[in-house]
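2 protein chains.
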Amino acid sequence: MKALITGASGFVGGHLAKHLFSSGDEVLALDPSVDISDESALFEAMAAFASERVDVIYHLAALAHVGDSFGSSVKVFGVNVIGTLNLLESSRKMSPEAKIIVVSSSEVYGRVDPRYLPVDEDAPLAPLSPYAASKAAAEHVALQAFRAYGQRVIIARPFNHIGPGQSDSYVVSAIARRVVMAKMNGSRSIVAGNLQSKRDFTDVRDVVDAYRKMAEFGVPGVVYNVCSGKAETIADLAEKLITLAGADVKFVSDPGLRRDVEVTDIAGDSTRCRSELNWRPQIPIETSLRDVLAWWSARLTAY
Amino acid sequence: MKALITGASGFVGGHLAKHLFSSGDEVLALDPSVDISDESALFEAMAAFASERVDVIYHLAALAHVGDSFGSSVKVFGVNVIGTLNLLESSRKMSPEAKIIVVSSSEVYGRVDPRYLPVDEDAPLAPLSPYAASKAAAEHVALQAFRAYGQRVIIARPFNHIGPGQSDSYVVSAIARRVVMAKMNGSRSIVAGNLQSKRDFTDVRDVVDAYRKMAEFGVPGVVYNVCSGKAETIADLAEKLITLAGADVKFVSDPGLRRDVEVTDIAGDSTRCRSELNWRPQIPIETSLRDVLAWWSARLTAY
Chain A
1 MKALITGASG FVGGHLAKHL FSSGDEVLAL DPSVDISDES ALFEAMAAFA SERVDVIYHL
61 AALAHVGDSF GSSVKVFGVN VIGTLNLLES SRKMSPEAKI IVVSSSEVYG RVDPRYLPVD
121 EDAPLAPLSP YAASKAAAEH VALQAFRAYG QRVIIARPFN HIGPGQSDSY VVSAIARRVV
181 MAKMNGSRSI VAGNLQSKRD FTDVRDVVDA YRKMAEFGVP GVVYNVCSGK AETIADLAEK
241 LITLAGADVK FVSDPGLRRD VEVTDIAGDS TRCRSELNWR PQIPIETSLR DVLAWWSARL
301 TAY
Chain B
304 MKALITGASG FVGGHLAKHL FSSGDEVLAL DPSVDISDES ALFEAMAAFA SERVDVIYHL
364 AALAHVGDSF GSSVKVFGVN VIGTLNLLES SRKMSPEAKI IVVSSSEVYG RVDPRYLPVD
424 EDAPLAPLSP YAASKAAAEH VALQAFRAYG QRVIIARPFN HIGPGQSDSY VVSAIARRVV
484 MAKMNGSRSI VAGNLQSKRD FTDVRDVVDA YRKMAEFGVP GVVYNVCSGK AETIADLAEK
544 LITLAGADVK FVSDPGLRRD VEVTDIAGDS TRCRSELNWR PQIPIETSLR DVLAWWSARL
604 TAY
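Chains as they are written, first to last, in the working numbering: chain A, 1 to 303; chain B, 304 to 606.
FYI, nobody ran anything at the bench for these hints, they're computed from the structure.
Think of the CB as a built atom: it goes at the ideal place given N, C-alpha and C, for glycine as much as any other residue.
Wrong hints could be hidden among the right ones.
Just so you have them, the derived chain A footprint on chain B, three or more residues with Cβ under 8 Å [claimed, not checked]:
#	segment
1	377-385
2	434-441
Taking lysine-lysine and the BS3-like style, the derived pairs with C-alpha atoms no more than 27 Å apart in a straight line are [stated by the list, open to error]:
#	chain 1	residue 1	chain 2	residue 2
3	B	Lys396	A	Lys75
4	A	Lys230	A	Lys250
5	B	Lys543	B	Lys533
6	B	Lys378	A	Lys93
7	A	Lys75	B	Lys378
8	B	Lys533	B	Lys553
9	A	Lys213	A	Lys93
Pulled out of the complex, with its shape left as it was, chain A reads as follows (with noise of 0.2 Å):
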C-alpha cells in the first residue's frame, strides 16, 4: 500500500511510520512543519502529492494533551477541527479514492458510568475537556464527508497507548521516568498524581497495527474502539514499573499533579476491531513497561 501520515514526527506517527516499513508499504509523509489549521498552507503541502494515487492517509497530526487544552481552546479546534475539515477538502481534491484513517480519542466518552464499562463504539460522547471535545467534532467532520461525499473514511478511537518514545507528559511515562531517575540518582520517593484513575492500555505498536488494519479490512464511515479492554490503575502499573526497575522506592502524592476534571475511570470493547479486523494486542503490558524504562535509561544517561 502507498500511505500518507499526517503527524509523522510524533511518537505515535513514528511507531507507524516504523511499522508501515517494516510491512513494506511506501511512506509519504506530510511536512510537519505544516499547519493544517491553516487551508491554503495544507492545501500546497497536499499538492505535493497530488500525482501519487496514495492507497490511504492516516491523519495523526493533532494537538493531544488533555491538560493542556484547557488553556488553548481555540488553538486546540483549529488544529484537530479545521484541520482535519481542510485535510478531507485537500485529500477529496488529490486523493478521492483513499482510504482516510482519522485517529480520534477515548476521550470522547467522557466519565462512562460503570454499568456500561467496557464502553463500546455506540456509547453517547460527552466529552470532558476541550481536547475531547475537539475530537468528537472532528468524527462529526469526517463522517460528514463519508456521508455526503462517499470519502472512505474510518474512525479509530484508541484508548490509552503506552511505549518507548513517549513524552512524560502522559502518566505512564513520566511514572517510568521519575522511576529511572530515582534509580539513577539514590532517591527513595518520587512524586505522582491520581494514582487510583483506571485506565485501559495499549502498547503503542499494538495501536499502530490496528491502524494498518483498519486501512486493510475496515469499512468507511465505520468507528473501531483500539484498546485492551482491561482496565488497570496507575497505581498497579507504577508498582510493576518499580519492580522491573529494581528500584526502591515509594509514592509521594502531589495533588498538583491531579486535574480538577478528569476522567477518571474507562475501558473499552474492543470486540468490532477484533471479529472485524482481526487484532489483538500482541505485547504484554510488562513487555511495554520495560521497554519504556530501558528508553528513558539510555535517554537520560546520554545527557
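Fit chain B to the given chain A structure using the hints.
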C-alpha cells in the same frame, strides 16, 4: 430577566428580541458586525457587558444556510464552532452564572430511519452537511463547558422555522415569494425544487417562545427539540400558500433547485419541551403562511 442576544439582527434574533421586550425583559444585543470567530474581537465586544449581570445569553449568531455550507465549510466552522467556543469562554469570565441558550439545529440528526420518527433528543447525531456537522460540533463545545466548568448551558434543537421576515433562501419563504410575485405579474407557473420532502415546521414566534421558556425553566446540560411533532410535505404547504394567496398557478419542478445531499423526511418529538417547559406551539400553520404571504406582499409592493 436581563438578556443578551448574539445574532440579534437575524431573522430569529429579531423575533426573539421582540418577544423578550413584550415579556418585559431587558434586552442587550451583541454588535452584529462583530466577527465571533475572532477571539479578541469578541472578548472586546463582550467586555461592554461586563457590569451588566446578564441572566441569560441567547446564542443565535451563526452561518445558518445548509446549502451554502457545502462551499464554505471552513468559514462555517469558524463562526459556528470557534465562535461558540469564544462566546462560552468570554461569558465564563463576564457572566459565569448566566444561563446560555445555545441554538443548534435538527439538521444534526441527518437522515433518520423512518421507524425512528419522530426523532427524540437521545437519537445518534449523523450530520449530512458541513452546517449540520458544525452544529453537532458546537453542541460538544457547549456541553463540554457545562461538564467541565459548570456553565449553565442549554441546547435548543429547532426544526424548520417559518414566519414573516425569513430569507427566500429557505424553501417555504421562497415559494411564498414566488406565489406573491406570480399573482402580481399574472404568471401561471412557478418553479420549485423537491416538493416531496417532509419537514416539521414551527412558527418562528413559537420557536422564540420556547427559547425564553428554556431560559426560565430549562435544565442546564439538557438538549431540547423545538418542533411541532408533525411532518408536512413542502407540496402541501405550497398548495396552502396558493389557496391562501388566491393565486392561480402551477408548479414546475426545477431539478437545479434540489440538492444531491439532503435530509428529506424529518419530524421531531417535542415531548421534553412540552412536559418540562410547558411549551407548545400556539400558531396554526395557516396563520404562519398567511403572515409570510402578507410580509412578501408588503415587501414586493414597496419596490
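Hint by hint, here is what the structure shows:
1. Check on the segment 377-385 of chain B: 5 of its residues sit with their Cβ under 8 Å from a Cβ of chain A, so the three-residue criterion for coverage holds.
2. Remark: the segment 434-441 of chain B is confirmed as covered by chain A, as 4 of its residues place a Cβ nearer than 8 Å to a Cβ of that chain, reaching the required three.
3. About 19 Å separates the Cα atoms of lysine 396(B) and lysine 75(A), which keeps this hinted pair within 27 Å; it holds.
4. Taking the CA atoms of lysine 230(A) and lysine 250(A), the gap is about 25 Å. The hint holds against a cut of 27 Å.
5. This hinted pair checks out: lysine 543(B) and lysine 533(B) have alpha carbons roughly 16 Å apart, not beyond 27 Å.
6. With a C-alpha separation of about 19 Å, the suggested pairing of lysine 378(B) with lysine 93(A) holds against the 27 Å cut-off.
7. Taken as a hint, the lysine 75(A) and lysine 378(B) pair is honoured in the structure, with Cα atoms around 16 Å apart against an allowance of 27 Å.
8. With a C-alpha separation of about 26 Å, the suggested pairing of lysine 533(B) with lysine 553(B) holds against the 27 Å cut-off.
9. For the hint pairing lysine 213(A) with lysine 93(A), the CA-to-CA distance comes to about 25 Å; that is within 27 Å, so the pair holds.
This entry satisfies every hint, going by the numbered hints stated previously.
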